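In order, the protein sequence lines correspond to chains A and B. Residues in the first sequence are numbered consecutively from 8, following my numbering. Residues in the second sequence are numbered consecutively from 620, following my numbering.
Think of the hints as simulated: they come from the structure by calculation, not from any bench. Treat the hints with caution; some may be incorrect.
Listed next, the in silico SDA-like pairs over lysine to any residue satisfying Cα-Cα at most 20 Å (straight line) [as the list claims (entries may be wrong)]:
| # | chain 1 | residue 1 | chain 2 | residue 2 |
| --- | --- | --- | --- | --- |
| 1 | A | Lys197 | B | Ile718 |
| 2 | B | Lys711 | A | Arg198 |
| 3 | B | Lys711 | A | Ala68 |
| 4 | B | Lys711 | A | Glu196 |
| 5 | A | Lys197 | B | Gly716 |
For clarity, every value in this text was computed on a predicted model and none was experimentally measured.
For reference, the chains in residue letters:
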Amino acid sequence: MSDQNNKEAHVSLLEELVLLVVEDDGSIAHTAGTPGFGMAVIGACLVELNMQGALDPDLDAMHVLDASEGRGPAYDEVLRTVAAGPVARTEEWVLKLYPMAQDLIRYTLDALIARGVLERGEKRFLWVLKERSYPLKDGREQKEAKRRIIDTLLSDDIPSAHDTVLLGLALVGGLLEGFLTRGEIVRLEKRIQEAGGIDLTVRAVETALSQEQLIRAQEMIYPF
Amino acid sequence: METNQEKTANALILMPEGRLDFGAAAEFQAALENGVAEASGAGLAIIVDCAKLDYVSSAGLRSFLVGARTAREKNVGFHVCSLVPGVAEVFKVSGFGQIIPPLADRAAAEAAVAS
Chain A
8 MSDQNNKEAH VSLLEELVLL VVEDDGSIAH TAGTPGFGMA VIGACLVELN MQGALDPDLD
68 AMHVLDASEG RGPAYDEVLR TVAAGPVART EEWVLKLYPM AQDLIRYTLD ALIARGVLER
128 GEKRFLWVLK ERSYPLKDGR EQKEAKRRII DTLLSDDIPS AHDTVLLGLA LVGGLLEGFL
188 TRGEIVRLEK RIQEAGGIDL TVRAVETALS QEQLIRAQEM IYPF
Chain B
620 METNQEKTAN ALILMPEGRL DFGAAAEFQA ALENGVAEAS GAGLAIIVDC AKLDYVSSAG
680 LRSFLVGART AREKNVGFHV CSLVPGVAEV FKVSGFGQII PPLADRAAAE AAVAS
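One chain only, chain A, in its complex shape (with noise of 0.2 Å):
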């Protein structure tokens, strides 16, 4: 694919999130497997619907403003299930969808080689783009997420919409660990905690993981 091609492709949250689980070298980071990885692949989902319109939570619901499709598959499995499902809130649906993750991953990969943004290789994807930037939907050229993330900790700056809904699902789904030392993540464990996942969505996937988190201890502790 050209440059010119690449720069017409944009990069979602979504996209951005399953990113982060591809490794430079093409290969998929151990991480990609947690279910804190799949319920934030989940909140990436459901954050974007509710930026393109379609879904609004708040701390009782997640409200669905229009169930219409064509958003991709991704994105229109999530919300048709949410659509036919009962009302409930969000850490309930986060739940609930999670068993979805790994058709979503799989259609995001499947998308983001579509944009040229991926190969698939042998056992591993290659990246096509250099130094893994890539554009997003507003046409900026962006810097890739893990640098955005670090700059967003190393700042006092509040953080955008987007990055802040980044960092928190990525601290979410134990991706942080990939690119910052254990004494790296201690001694910026205050600014990532005030600029994480300032938004009800991630801090329901929050939730959720440690529902589904005391559900597999109770289980282990009390297997019959």
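With chain A's structure known, arrange chain B on it following the hints.
Chain B in isolation, oriented as in the chain A frame:
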């Protein structure tokens, strides 16, 4: 939803009224950004008095975040006050209150601006 405004010696006060959901978020965000531009030119701070703001959804919260970020970029003080309990809960749960700690009432906000 509508957003009225007043001006004091030190601040431009925005007073949103009603429900701040997805349908109202873009208009409110524009009101905040216009307010920040006006305040920046006049050397004023922004106070968002939420006494008559009944409801904030996720999209509405995002417009507050964009407004606060724009104010920070332009070095304009940005304060929120007089939150009703439901809105205060959204600010608390989301973590927005850590970035912009809400003040109890208009008097507290005006005192913060004057200090």
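Against the structure, the hints come out as follows:
no. : hint                     : verdict
1   : Lys197(A) with Ile718(B) : 12 Å, holds
2   : Lys711(B) with Arg198(A) : 17 Å, holds
3   : Lys711(B) with Ala68(A)  : 17 Å, holds
4   : Lys711(B) with Glu196(A) : 19 Å, holds
5   : Lys197(A) with Gly716(B) : 14 Å, holds
Violated hints for the displayed structure: none, as all numbered hints are satisfied.
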